[in-house]
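Read off the chains here:
Protein chains: 2
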Amino acid sequence: MTLFFEGSEKKLEIHVCQTLGDLRQLGRNFWHALVKKANADIISSIANDECDAYLLSESSLFVWHDRFVLLTCGNSTLVDAFIFFIDSVGASQIRFACYQRKSEFVSQLQASSFAEDLKLIKASIAGKAFRVGHLDSHHHYLFHTDAPFEDAVNDTTSELLMYHISGDMAQYLRSDRQTATQIRELLSLRALFPSFILDDHLFSPLGYSVNGIRGRYYFTIHISPQEQSAYVSIETNLPLGEYPQPIFADLLKLLMPRSWDIMSFNEKHPDEYFPAHLCLSTCSIATSLGYNIHFSHYQQSCTEVLIPEFI
Amino acid sequence: MTLFFEGSEKKLEIHVCQTLGDLRQLGRNFWHALVKKANADIISSIANDECDAYLLSESSLFVWHDRFVLLTCGNSTLVDAFIFFIDSVGASQIRFACYQRKSEFVSQLQASSFAEDLKLIKASIAGKAFRVGHLDSHHHYLFHTDAPFEDAVNDTTSELLMYHISGDMAQYLRSDRQTATQIRELLSLRALFPSFILDDHLFSPLGYSVNGIRGRYYFTIHISPQEQSAYVSIETNLPLGEYPQPIFADLLKLLMPRSWDIMSFNEKHPDEYFPAHLCLSTCSIATSLGYNIHFSHYQQSCTEVLIPEFI
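Chains A and B supply the protein sequences, listed in that same order. At position 207 of the first sequence (counting the first as 1) the number is 207 in our numbering, and the numbers step up by one without a gap. At position 206 of the second sequence (counting the first as 1) the number is 206 in our numbering, and the numbers step up by one without a gap.
Isolated chain A, as found in the complex (with noise of 0.2 Å):
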């Protein structure tokens, strides 16, 4: 059997009243005792007068004075993240909160549903929950806080998901001879993230991580490129469609996955340059909050040879 990695995150992004007072003055150890209920470690961290960016051995943490952005792949429990959070500074201190478990792998890996889950979290906090996309292709849960929040209009996050990365830029990634340098000029993160401050990481036997920040703007990438279950996915508060750089179009052609997600919080993600595909689906959900999530699952045009597995 290859090697496999549950590359999929599950992702926590909570707005805080301003009572509690700044969110970066709570210090690493908060964060780090955080990011430890979740199962995952602080690898290292930048920071810059809006944001502290955290490196994490499962993914990436932002945290800005009045919200932060968790976000754990592999059999994390950023659950009980959440869970801790709400216990540490009281559920009234907080005026939204977005719990998100993407399609997963091999789901019976992980150490909850999202149905459990969801369990542990109404029984701290009132909010919805919904799935978007079919059980048996692409889908993702999402909880969110239905509590009134005006400002929910105002954050724009979008997220590309992409499975089964395919040619050159795969095959670099898959190869021993890798360097987190030559990643960082593969994927043209200067060009495409001008005036960024990186902070990548190398992981051992195969995965890269790069979080950026500027100003109150932040991206990461995660790649996880094991041959059966390759995954890569980039997640920015950007405003895509007045950038100069159609970052999505430009990761898709270099990694060339078979298959992808876009998912939008307040952006609908135009997708005119993206490489030869099939929209399989997509969704517009107008939340009670007044913002409006989109998804979309795309398939590249052409069939895929596939190659059994042996077990």
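Hints in this document: simulated from the structure, not taken from any laboratory. All clues stand as given, with none of them false.
Note that the list lumps identical chains together, so a pair holds whenever it fits in one copy or between two copies.
Quick list of in silico lysine to any residue cross-link-like pairs, SDA-like style, CA-CA up to 25 Å: (1) K128 with E227; (2) K253 with H277; (3) K122 with I311; (4) K128 with F310; (5) K119 with F105; (6) K253 with C302; (7) K119 with N75; (8) K119 with I307; (9) K128 with V305.
Put chain B on the given structure of chain A with help from the hints.
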């Protein structure tokens, strides 16, 4: 949450040595005990000179003098029936065995994973196992014995697995005014399968199964129309390449699935009459026994507008 049912089947096909005698003589009690091991029950049966066909609470069982095919859906434990059969007759009496698990909608709800099944099987009988299809999309697990078996190449089977049926027929199958007679007519079973003896059953609240036999030929159709996990399968040992009716194409046009798989043994099913589609992936496997397996995963060529499922 809408009604959920795991329609996707596990399948066991076993061919025995002549020295074991006629499998049909093992009697209904033996087969009753076998299907009980899989957590299923016999509802009814039909027979002709060549074959006994049992309709089960979870799919179907077909018994010929030297072989049987057992299909079970839901949370059935088919691997236990496999082990029970090996223990009952002895591994040396088994000329060929094939154990298959299709993509499951919610694999976490299953009693075991394929990996766990495989551990049990390999402790009782030698063979090879593989997966075809990506983990984040339709995929199939298959174990087969690898002892020499010269008849394998004459054994033809075709399976069509349809996901997320739509249109009038799907609506009818989800209604509370349906009858078995009406479903049989709408499926045009008399025209598609002339001279077959039929045995069918309408399940409560939803679901329909039908077995048909003619001489040594069989077909079986199982319909789980539940909105979020709609799944319809047909399987037959008819030589579809030479058959006058384009059975699979007709059913695709009637049931309008969003996606479908073809799994065939010693027969590559022609897809020229299929509704407009993209073939997402395909795989041909020449087994060490000399028989060939073909897998293809199709998707309708238009974009589906998804509706989120609130949980």
